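Undergrad: Sequence:
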Amino acid sequence: MPSAVPPRPPAPPAPAELHARVLPWYAEHARTLPWRDPDCSPWGVLVSEVMLQQTPVARVEQVWREWLRRWPTPPDLAAEPAGEAVRAWGRLGYPRRALRLHAAATAITERFDGQVPATPEELRSLPGVGEYTAAAVGAFAFGVRAVVLDTNVRRVLARACGGTGQGAPSLTAAERRLAEGVLPHDPATSATWNVAVMELGALVCTARNPRCADCPLAPVCRWALAGHPAYDGPVRAPQRWQGTDRQCRGLLVDRVRSGTGPVPAADLAPVWPDAAQRDRCLASLLEDGLLEQVPGGYAFPA
DNA sequence: AACCCGTGGGT
DNA sequence: TACCCAAGGGT
Numbered sequence: 001m002p003s004a005v006p007p008r009p010p011a012p013p014a015p016a017e018l019h020a021r022v023l024p025w026y027a028e029h030a031r032t033l034p035w036r037d038p039d040c041s042p043w044g045v046l047v048s049e050v051m052l053q054q055t056p057v058a059r060v061e062q063v064w065r066e067w068l069r070r071w072p073t074p075p076d077l078a079a080e081p082a083g084e085a086v087r088a089w090g091r092l093g094y095p096r097r098a099l100r101l102h103a104a105a106t107a108i109t110e111r112f113d114g115q116v117p118a119t120p121e122e123l124r125s126l127p128g129v130g131e132y133t134a135a136a137v138g139a140f141a142f143g144v145r146a147v148v149l150d151t152n153v154r155r156v157l158a159r160a161c162g163g164t165g166q167g168a169p170s171l172t173a174a175e176r177r178l179a180e181g182v183l184p185h186d187p188a189t190s191a192t193w194n195v196a197v198m199e200l201g202a203l204v205c206t207a208r209n210p211r212c213a214d215c216p217l218a219p220v221c222r223w224a225l226a227g228h229p230a231y232d233g234p235v236r237a238p239q240r241w242q243g244t245d246r247q248c249r250g251l252l253v254d255r256v257r258s259g260t261g262p263v264p265a266a267d268l269a270p271v272w273p274d275a276a277q278r279d280r281c282l283a284s285l286l287e288d289g290l291l292e293q294v295p296g297g298y299a300f301p302a
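According to UniProt numbering, the first sequence holds residues 1 to 302 in order.
Derived by calculation from the structure, the hints in this document are not laboratory data. Keep in mind that this is a model prediction, so the values were computed, not measured. Please note that the accuracy of each hint is not assured.
[What the hints assert, rightly or not] Computed spacing ranges between beta-carbons, pair by pair:
id, residue 1, residue 2, range
1, Arg177, Arg31, 38 to 44 Å
2, Arg208, Val294, 44 to 50 Å
3, Ala266, Gly114, 28 to 34 Å
4, Leu251, Glu122, 36 to 42 Å
5, Pro238, Glu61, 27 to 33 Å
6, Pro34, Thr244, 29 to 35 Å
7, Pro81, Pro169, 23 to 29 Å
8, Ala265, Thr151, 24 to 30 Å
9, Glu121, Pro10, 34 to 40 Å
10, Asp37, Gln115, 43 to 49 Å
11, Pro72, Glu122, 29 to 35 Å
12, Glu61, Pro81, 43 to 49 Å
13, Gly289, Ala266, 41 to 47 Å
Yeah, the Cβ is synthetic: ideal placement off N, Cα and C, and Gly gets one too.
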């Protein structure tokens, strides 16, 4: 009988091997993005990170340039009405991010003397800045050694080290431990590692149709070596869209954005036939501070 | 912890 | 076409 070769799963690659493969790849393939310019201010980095929350790079670039030209520093933005931030947000989506960025600019102006703070702990205290964004701004703008765990990093580590096709539905303690374990000890190298793994996930180790033939980790990737097994973990419940409040709110805000002044209530009615839902969404937009009621109708907050 | 919050491009 | 996905955060 043929000697049974136990199909032992490959061990996760050592951190040093990951670094040796990913860092040179990044040096050659990194995109040139304006917020990666060494001269980009911490404020520019913060604005980019908030805009990039759930929004692709391609749609962010133009709006980011307009924002930074118009508001080069946090006090510049804080000096204007929040509604200006919402209007300038354009169609990036999740316009509450614009509101929170304006609130963050105000907090930076009042509590940090107009300077974006450098530590993830201080950054985390700003509106709209969560675990990921605080780590990213600390690392990319200030060279702080921080665990930057976005959807790209989680996917790359899940595949290369975990041998599974994707990360867990929500961030787990095990993923944090894994990411901390592979983070280079030297702060400067750790910052480059963070952006390099993110870039690999964005360009090569993509969610669908990963380009393993072009991946520097392919020879040591547990998922690739195992033959790209299908993901069999817990699945995230699909998000509905048609008929939801999100869709209704989006149309209402879009109607105000498309005009230059207050929009009369009568002009809001046609965008959503269900009057009850429309009224509820309008009330929630007022509650959120995304719109306000003025003599002429509804407008962005002045 | 599960759910809510926009938008547009790729497949 | 319908669905998936994108540098998440707040509650």
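Undergrad: For every hint, state whether the structure bears it out.
TA: Comparing the hints with the structure gives:
no.	hint	in the structure
1	Arg177 with Arg31: 38 to 44 Å	violated (30 Å)
2	Arg208 with Val294: 44 to 50 Å	holds (45 Å)
3	Ala266 with Gly114: 28 to 34 Å	violated (43 Å)
4	Leu251 with Glu122: 36 to 42 Å	holds (38 Å)
5	Pro238 with Glu61: 27 to 33 Å	holds (29 Å)
6	Pro34 with Thr244: 29 to 35 Å	holds (34 Å)
7	Pro81 with Pro169: 23 to 29 Å	violated (38 Å)
8	Ala265 with Thr151: 24 to 30 Å	violated (40 Å)
9	Glu121 with Pro10: 34 to 40 Å	holds (38 Å)
10	Asp37 with Gln115: 43 to 49 Å	violated (19 Å)
11	Pro72 with Glu122: 29 to 35 Å	violated (21 Å)
12	Glu61 with Pro81: 43 to 49 Å	violated (25 Å)
13	Gly289 with Ala266: 41 to 47 Å	violated (23 Å)
Figure legend: structure checked against the earlier numbered hints; hints not met, in rising order: 1, 3, 7, 8, 10, 11, 12 and 13.
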